[in-house]
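Peer 1: If you want the building blocks of each chain, they are given just below.
Number of protein chains: 2
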Amino acid sequence: MEKSALQIARAAYQPKLPKGLQGNVSVKEGVPTQSVADQEEIKKLFPNTYGMPLIEFVPGEAQSYAPFNVGVILSGGQAPGGHNVICGLFDGIKRLNPESKLYGFILGPGGLVDHKYMELTADIIDQYRNTGGFDMIGSGRTKLEKEEQFEKGLEIIKELGIKAIVIIGGDDSNTNACVLAEYYAAKKCGVQVIGCPKTIDGDLKNEQIETSFGFDTACKTYAEVIGNIQRDANSARKYWHFIKLMGRSASHIALECALQCQPNVCIVSEEVEAKNQTLDDIVTYIAQVVADRAADGNNFGTVLIPEGLIEFIPAMKALIAELNDLLATPEGAALAKDQQREWILNKLSAANKAVYESLPLGVAAQLTMERDPHGNVQVSLIETEKLLSEMVANKLAAWKKEGKFNGKFSALHHFFGYEGRCAAPSNYDADYCYALGTSAAMLMANGKTGYMAIVKNTTAPAAEWIAGGVPITMMMNMEKRNGEMKPVIKKALVRLDGAPFKEFASRRNQWARETCFVYPGPIQYFGPTEVCDQATKTLQLEQAK
Amino acid sequence: MEKSALQIARAAYQPKLPKGLQGNVSVKEGVPTQSVADQEEIKKLFPNTYGMPLIEFVPGEAQSYAPFNVGVILSGGQAPGGHNVICGLFDGIKRLNPESKLYGFILGPGGLVDHKYMELTADIIDQYRNTGGFDMIGSGRTKLEKEEQFEKGLEIIKELGIKAIVIIGGDDSNTNACVLAEYYAAKKCGVQVIGCPKTIDGDLKNEQIETSFGFDTACKTYAEVIGNIQRDANSARKYWHFIKLMGRSASHIALECALQCQPNVCIVSEEVEAKNQTLDDIVTYIAQVVADRAADGNNFGTVLIPEGLIEFIPAMKALIAELNDLLATPEGAALAKDQQREWILNKLSAANKAVYESLPLGVAAQLTMERDPHGNVQVSLIETEKLLSEMVANKLAAWKKEGKFNGKFSALHHFFGYEGRCAAPSNYDADYCYALGTSAAMLMANGKTGYMAIVKNTTAPAAEWIAGGVPITMMMNMEKRNGEMKPVIKKALVRLDGAPFKEFASRRNQWARETCFVYPGPIQYFGPTEVCDQATKTLQLEQAK
Numbered sequence: 001m002e003k004s005a006l007q008i009a010r011a012a013y014q015p016k017l018p019k020g021l022q023g024n025v026s027v028k029e030g031v032p033t034q035s036v037a038d039q040e041e042i043k044k045l046f047p048n049t050y051g052m053p054l055i056e057f058v059p060g061e062a063q064s065y066a067p068f069n070v071g072v073i074l075s076g077g078q079a080p081g082g083h084n085v086i087c088g089l090f091d092g093i094k095r096l097n098p099e100s101k102l103y104g105f106i107l108g109p110g111g112l113v114d115h116k117y118m119e120l121t122a123d124i125i126d127q128y129r130n131t132g133g134f135d136m137i138g139s140g141r142t143k144l145e146k147e148e149q150f151e152k153g154l155e156i157i158k159e160l161g162i163k164a165i166v167i168i169g170g171d172d173s174n175t176n177a178c179v180l181a182e183y184y185a186a187k188k189c190g191v192q193v194i195g196c197p198k199t200i201d202g203d204l205k206n207e208q209i210e211t212s213f214g215f216d217t218a219c220k221t222y223a224e225v226i227g228n229i230q231r232d233a234n235s236a237r238k239y240w241h242f243i244k245l246m247g248r249s250a251s252h253i254a255l256e257c258a259l260q261c262q263p264n265v266c267i268v269s270e271e272v273e274a275k276n277q278t279l280d281d282i283v284t285y286i287a288q289v290v291a292d293r294a295a296d297g298n299n300f301g302t303v304l305i306p307e308g309l310i311e312f313i314p315a316m317k318a319l320i321a322e323l324n325d326l327l328a329t330p331e332g333a334a335l336a337k338d339q340q341r342e343w344i345l346n347k348l349s350a351a352n353k354a355v356y357e358s359l360p361l362g363v364a365a366q367l368t369m370e371r372d373p374h375g376n377v378q379v380s381l382i383e384t385e386k387l388l389s390e391m392v393a394n395k396l397a398a399w400k401k402e403g404k405f406n407g408k409f410s411a412l413h414h415f416f417g418y419e420g421r422c423a424a425p426s427n428y429d430a431d432y433c434y435a436l437g438t439s440a441a442m443l444m445a446n447g448k449t450g451y452m453a454i455v456k457n458t459t460a461p462a463a464e465w466i467a468g469g470v471p472i473t474m475m476m477n478m479e480k481r482n483g484e485m486k487p488v489i490k491k492a493l494v495r496l497d498g499a500p501f502k503e504f505a506s507r508r509n510q511w512a513r514e515t516c517f518v519y520p521g522p523i524q525y526f527g528p529t530e531v532c533d534q535a536t537k538t539l540q541l542e543q544a545k
Numbered sequence: 001m002e003k004s005a006l007q008i009a010r011a012a013y014q015p016k017l018p019k020g021l022q023g024n025v026s027v028k029e030g031v032p033t034q035s036v037a038d039q040e041e042i043k044k045l046f047p048n049t050y051g052m053p054l055i056e057f058v059p060g061e062a063q064s065y066a067p068f069n070v071g072v073i074l075s076g077g078q079a080p081g082g083h084n085v086i087c088g089l090f091d092g093i094k095r096l097n098p099e100s101k102l103y104g105f106i107l108g109p110g111g112l113v114d115h116k117y118m119e120l121t122a123d124i125i126d127q128y129r130n131t132g133g134f135d136m137i138g139s140g141r142t143k144l145e146k147e148e149q150f151e152k153g154l155e156i157i158k159e160l161g162i163k164a165i166v167i168i169g170g171d172d173s174n175t176n177a178c179v180l181a182e183y184y185a186a187k188k189c190g191v192q193v194i195g196c197p198k199t200i201d202g203d204l205k206n207e208q209i210e211t212s213f214g215f216d217t218a219c220k221t222y223a224e225v226i227g228n229i230q231r232d233a234n235s236a237r238k239y240w241h242f243i244k245l246m247g248r249s250a251s252h253i254a255l256e257c258a259l260q261c262q263p264n265v266c267i268v269s270e271e272v273e274a275k276n277q278t279l280d281d282i283v284t285y286i287a288q289v290v291a292d293r294a295a296d297g298n299n300f301g302t303v304l305i306p307e308g309l310i311e312f313i314p315a316m317k318a319l320i321a322e323l324n325d326l327l328a329t330p331e332g333a334a335l336a337k338d339q340q341r342e343w344i345l346n347k348l349s350a351a352n353k354a355v356y357e358s359l360p361l362g363v364a365a366q367l368t369m370e371r372d373p374h375g376n377v378q379v380s381l382i383e384t385e386k387l388l389s390e391m392v393a394n395k396l397a398a399w400k401k402e403g404k405f406n407g408k409f410s411a412l413h414h415f416f417g418y419e420g421r422c423a424a425p426s427n428y429d430a431d432y433c434y435a436l437g438t439s440a441a442m443l444m445a446n447g448k449t450g451y452m453a454i455v456k457n458t459t460a461p462a463a464e465w466i467a468g469g470v471p472i473t474m475m476m477n478m479e480k481r482n483g484e485m486k487p488v489i490k491k492a493l494v495r496l497d498g499a500p501f502k503e504f505a506s507r508r509n510q511w512a513r514e515t516c517f518v519y520p521g522p523i524q525y526f527g528p529t530e531v532c533d534q535a536t537k538t539l540q541l542e543q544a545k
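The listed protein sequences correspond, in order, to chains A and B.
Under full-length UniProt numbering, the first residue of the first sequence is numbered 1, with each subsequent residue one higher.
Under full-length UniProt numbering, the first residue of the second sequence is numbered 1, with each subsequent residue one higher.
Do not take every clue at face value.
In silico BS3-like cross-links for lysine-lysine, where the CA-CA straight-line distance does not exceed 30 Å [as the list claims (entries may be wrong)]:
hint: 1; chain 1: A; residue 1: Lys386; chain 2: B; residue 2: Lys238
hint: 2; chain 1: B; residue 1: Lys353; chain 2: A; residue 2: Lys337
hint: 3; chain 1: A; residue 1: Lys238; chain 2: B; residue 2: Lys3
hint: 4; chain 1: B; residue 1: Lys238; chain 2: A; residue 2: Lys143
hint: 5; chain 1: B; residue 1: Lys143; chain 2: A; residue 2: Lys408
hint: 6; chain 1: B; residue 1: Lys143; chain 2: A; residue 2: Lys238
hint: 7; chain 1: B; residue 1: Lys238; chain 2: A; residue 2: Lys3
hint: 8; chain 1: A; residue 1: Lys3; chain 2: B; residue 2: Lys502
hint: 9; chain 1: B; residue 1: Lys337; chain 2: A; residue 2: Lys408
hint: 10; chain 1: B; residue 1: Lys275; chain 2: B; residue 2: Lys486
hint: 11; chain 1: A; residue 1: Lys116; chain 2: B; residue 2: Lys404
hint: 12; chain 1: A; residue 1: Lys408; chain 2: B; residue 2: Lys3
hint: 13; chain 1: B; residue 1: Lys3; chain 2: A; residue 2: Lys16
hint: 14; chain 1: A; residue 1: Lys116; chain 2: A; residue 2: Lys163
hint: 15; chain 1: A; residue 1: Lys238; chain 2: B; residue 2: Lys116
hint: 16; chain 1: A; residue 1: Lys491; chain 2: B; residue 2: Lys238
hint: 17; chain 1: A; residue 1: Lys116; chain 2: B; residue 2: Lys408
hint: 18; chain 1: B; residue 1: Lys408; chain 2: A; residue 2: Lys3
hint: 19; chain 1: A; residue 1: Lys408; chain 2: B; residue 2: Lys152
hint: 20; chain 1: A; residue 1: Lys188; chain 2: A; residue 2: Lys486
hint: 21; chain 1: B; residue 1: Lys146; chain 2: A; residue 2: Lys408
hint: 22; chain 1: A; residue 1: Lys491; chain 2: A; residue 2: Lys317
hint: 23; chain 1: B; residue 1: Lys337; chain 2: A; residue 2: Lys401
hint: 24; chain 1: A; residue 1: Lys238; chain 2: B; residue 2: Lys386
hint: 25; chain 1: A; residue 1: Lys486; chain 2: A; residue 2: Lys317
hint: 26; chain 1: A; residue 1: Lys408; chain 2: B; residue 2: Lys386
hint: 27; chain 1: A; residue 1: Lys188; chain 2: A; residue 2: Lys43
hint: 28; chain 1: B; residue 1: Lys238; chain 2: A; residue 2: Lys146
Derived by calculation from the structure, the hints in this document are not laboratory data.
These numbers were taken from a predicted model, which means no experiment stands behind them.
So here's chain A without its partners, still in its complex pose (with noise of 0.2 Å):
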């Protein structure tokens, strides 16, 4: 495998530990925890990991550990610093018995349920260690949750021997992990489950997880170009770049960036939806902020859009789902492309009509020309950057006859996210997943199941974090999923009463009028500590309240 200079240099990083990871470790457990909600239903969904103490490793006696064998997985998109999860759990439980192995299942929860795996040697890690990407194992998006899985996966386990399994996930996966390690531990198989918090969306946190990994290294590799982008509309001062955001549903990745870039414009869809704001509102709003810029002879600007916004729109989610009814009837699915359009305006309801005939010809006809396989309206083809500068440019091109606007307006777009999935975990990722492994390994060697690997007090120095494990059914409630209450970790979506959004929200107006732009640059990972070390602007802000 050829590499880069930068590569080599990174391999020789050794991540920071907590204190209480560093050399013998002992377990500090508190008091028996209740889930966040529905504690009668979720207690009794899982008889055998409900209540259990919340955890923390401190420094201890020498202890003597027998081998023990352990299986890790991979599961959903990929997120920076996951290999390093995967490295401190090789290292952790190598550290307590030199015997012990670790397997790794091939492209995700599937790999278990298909007996594909390979052993993770010392070799093989040593050529992911501090890396980006998930492509030591792959990571795949079958979700496991049926019994005939688990039974399945049980084979390979006992083949192999392994004691423990690892699945390193967002909400949906850790959820699931928790089914898994009740499951096992209802049937006394002797297989623990461990969860680690991983997705860069940053939708994954609450009380006990500070944040989920690879959300800083996305946001900081975003913020990178959305940096130099601003310093080139600034240099060249004619442009107006619409920039959207990776991101499922919550905003935190758009919000972070902005915290970080100061752009002129930052949409943040929980805000919009929280003030049912129509689409119309939006672009009312950018374009009042560029012809405001206009007017100081400033024609160019950035603005952000959260990669889930259309989804929050609340007439545009109505839209959408009377989109999905008319074209699920017979007549509907049996319409020719071109009649589609005349077809539909006939027959949706006055208000969701004057949504439709609002939008751009191109997104209407996107909207109900390519569909899922079930039917439905691809929400997520739509190009929201487009869709946004296309109106914007129509009301200012409204206002300019109105004499309202009179400068230029002229619009480039992009799209990140791919460029920031798999860049190589920043400092903070790489300490943080590293100890979230080695977490895990002695959650595991301290035979507990159904938790999650856990590390707080992250905008401390690495030293002073404070790592142990949290019962994953404290973290859960009951919700409507497909028509079903389910037990699932509560997603978090941006709190627009939380002090990053605060922070924002004080500071927008001067950052869309005045050009504030910051440049961050490009992840460092030998400069100075507060260029190298520090935490995402959200986490500051939520640990300084």
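Dock chain B against chain A, hints included.
Peer 2: Positioned in the frame of chain A, the structure of chain B alone reads:
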């Protein structure tokens, strides 16, 4: 101005200077020079600035210099390091005499003509050390080529007591700098003009100019995100990423990124032209790589595409020329948009008709519907990355029916340009630009005009770099521009017999079939020298010859 931690830390970086520029500077002159071609014509056009010697700066005795005022102009597109040229210039003239003053003309060459300027004081200069962008004084695309512009400029030059003008720009801007130098010399105005080689495109290079500044940083920034995408591709194992890279016409950026990242495919426009390849040839080549990898179970990969590709495909060039002619006829100009296609198909010559019919409908429509103010097809609007992936998908679908392809093909698209033009300069560009600026100061102090500042031997440590100046006329030849023969600096396209292309060509078959991705990671400013101070692969290969 609020700054990021990196901006603050990076401001303190002291660019490394060649030994010849570190202390007192002496001028070492070579023998008289000749233009690379068309010597007689060029000599006639530049009687006062032709035939001057090459200049090298070497350590010398202390000398005293009278204060002299200098004006600086940024011309054309942004390139990382522009601010450092200005900083080197400022420090250079202040070192010779602290009473000297530097004026920046605002928003490009137009600032000279329109008398828009600002004095660049130490306070301002210090805000921009080692930063990206051209926002200190802005840039512009006004061409300085008319006598009335020269005369308007002369007014403000005299008013400010300016002795010399530095024009930082690409090949055209430096050609114009020489025309201006000749004009002022012929009129004995006592105004010197010095050029500096700027452009991320990398096409301003020759025997005297090793590289244009900005190419290093821009390529490294693109290579960072391409590497991240490749790691994602290799982790998710289900997408082909089609990545278009900025670069007006030459493919240097795409080639350099390929050498850094080792993608599965990189198209080089100059090769396409030399081999007289058709669009179908290119599509077939990519599709074959996809099919071959699919046969190995690898339904993923990366394809790099230079922005200027379309105009290098002889058949497309011919089609576009005929379309321009057809649509310029009264009948063609008067056509309703929905009748264009049929009319065009009836009129086109057989060969061009076949090409036109092979294009996806959307692209074909785009070619004729959105034309520039002169009625010409706007090649730059064509989304080449989508055009190619759509045609590859069609070809693979046909091959699937024939049993020649049994994989999956799912494509994602990216275009990188604005992400890199204003990145903070790498150490290489920071040092190179600072040395260029210092050289420019020394050329002026020594009474030179019609020179470009140069720095050579830049693959060695910076102390061993060789700074000096080259008569701009030495790099000229006569070329047809808009139907007229003009003296211009020869543009450097990718040479198929050059070391960079030969290296690429010798390895691409392996890169295509296997997965040889390299992940360069973000530009580092503080780490080990092999990580922070390397020149581009292009330059290393060219210098190694």
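Peer 1: If a hint holds in the structure, say so; if it doesn't, say that too.
Peer 2: Hint by hint, here is what the structure shows:
Using a Cα cut-off of 30 Å, the hinted pair A/Lys386 and B/Lys238 holds, with the two alpha carbons roughly 26 Å apart. Pair hint B/Lys353 plus A/Lys337 holds up; C-alpha atoms about 28 Å apart against a cutoff of 30 Å. Restraint check for A/Lys238 and B/Lys3: satisfied, since their Cα atoms lie roughly 23 Å apart, inside the 30 Å limit. With a C-alpha separation of about 18 Å, the suggested pair B/Lys238 and A/Lys143 falls inside the 30 Å cut-off, and the hint holds.
Straight-line distance between C-alpha atoms of B/Lys143 and A/Lys408 comes to about 22 Å, which keeps the hinted pair within the 30 Å bound. Among the hinted pairs, B/Lys143 with A/Lys238 is consistent with the structure: their alpha-carbon atoms are about 18 Å apart, no more than 30 Å. Distance check on the hinted pair: B/Lys238 and A/Lys3 sit about 23 Å apart at the alpha-carbon level, within 30 Å; holds. A distance of roughly 21 Å separates the Cα atoms of A/Lys3 and B/Lys502; the hinted pair therefore holds under the 30 Å criterion.
With a C-alpha separation of about 27 Å, the suggested pair B/Lys337 and A/Lys408 falls inside the 30 Å cut-off, and the hint holds. For a cut-off of 30 Å, the pair hint linking B/Lys275 to B/Lys486 stands: about 28 Å separates their Cα positions. Between A/Lys116 and B/Lys404 the CA atoms are separated by roughly 29 Å; this keeps the pair inside 30 Å, and the hint holds. For a cut-off of 30 Å, the pair hint linking A/Lys408 to B/Lys3 stands: about 29 Å separates their Cα positions.
Of the supplied pair hints, the one linking B/Lys3 and A/Lys16 holds, its CA atoms being roughly 27 Å apart against a limit of 30 Å. Pair hint A/Lys116 plus A/Lys163 holds up; C-alpha atoms about 17 Å apart against a cutoff of 30 Å. Restraint check for A/Lys238 and B/Lys116: satisfied, since their Cα atoms lie roughly 18 Å apart, inside the 30 Å limit. The suggested pairing of A/Lys491 with B/Lys238 holds, with an alpha-carbon distance near 27 Å, which does not exceed 30 Å.
Distance check on the hinted pair: A/Lys116 and B/Lys408 sit about 21 Å apart at the alpha-carbon level, within 30 Å; holds. As the CA atoms of B/Lys408 and A/Lys3 are separated by approximately 29 Å, the hinted pair is consistent with the 30 Å bound. Of the supplied pair hints, the one linking A/Lys408 and B/Lys152 holds, its CA atoms being roughly 28 Å apart against a limit of 30 Å. Only pairs whose Cα atoms come within 30 Å are accepted, and A/Lys188 paired with A/Lys486 is accepted, the gap being roughly 24 Å.
Of the pairs offered as hints, the one joining B/Lys146 and A/Lys408 holds, with about 28 Å between alpha carbons and a cut-off of 30 Å not exceeded. Under the criterion of a C-alpha separation no larger than 30 Å, the hint pairing A/Lys491 with A/Lys317 is consistent with the structure, at around 20 Å. Proximity of B/Lys337 to A/Lys401 is assessed by CA-CA distance (about 26 Å); at most 30 Å being required, the pair is judged to hold. Restraint check for A/Lys238 and B/Lys386: satisfied, since their Cα atoms lie roughly 26 Å apart, inside the 30 Å limit.
The hinted pair formed by A/Lys486 and A/Lys317 meets the criterion: a straight-line CA distance of about 23 Å does not exceed 30 Å. As the CA atoms of A/Lys408 and B/Lys386 are separated by approximately 29 Å, the hinted pair is consistent with the 30 Å bound. Only pairs whose Cα atoms come within 30 Å are accepted, and A/Lys188 paired with A/Lys43 is accepted, the gap being roughly 18 Å. Between B/Lys238 and A/Lys146 the CA atoms are separated by roughly 25 Å; this keeps the pair inside 30 Å, and the hint holds.
Violation of the numbered hints given earlier is absent; every hint is satisfied by the structure.
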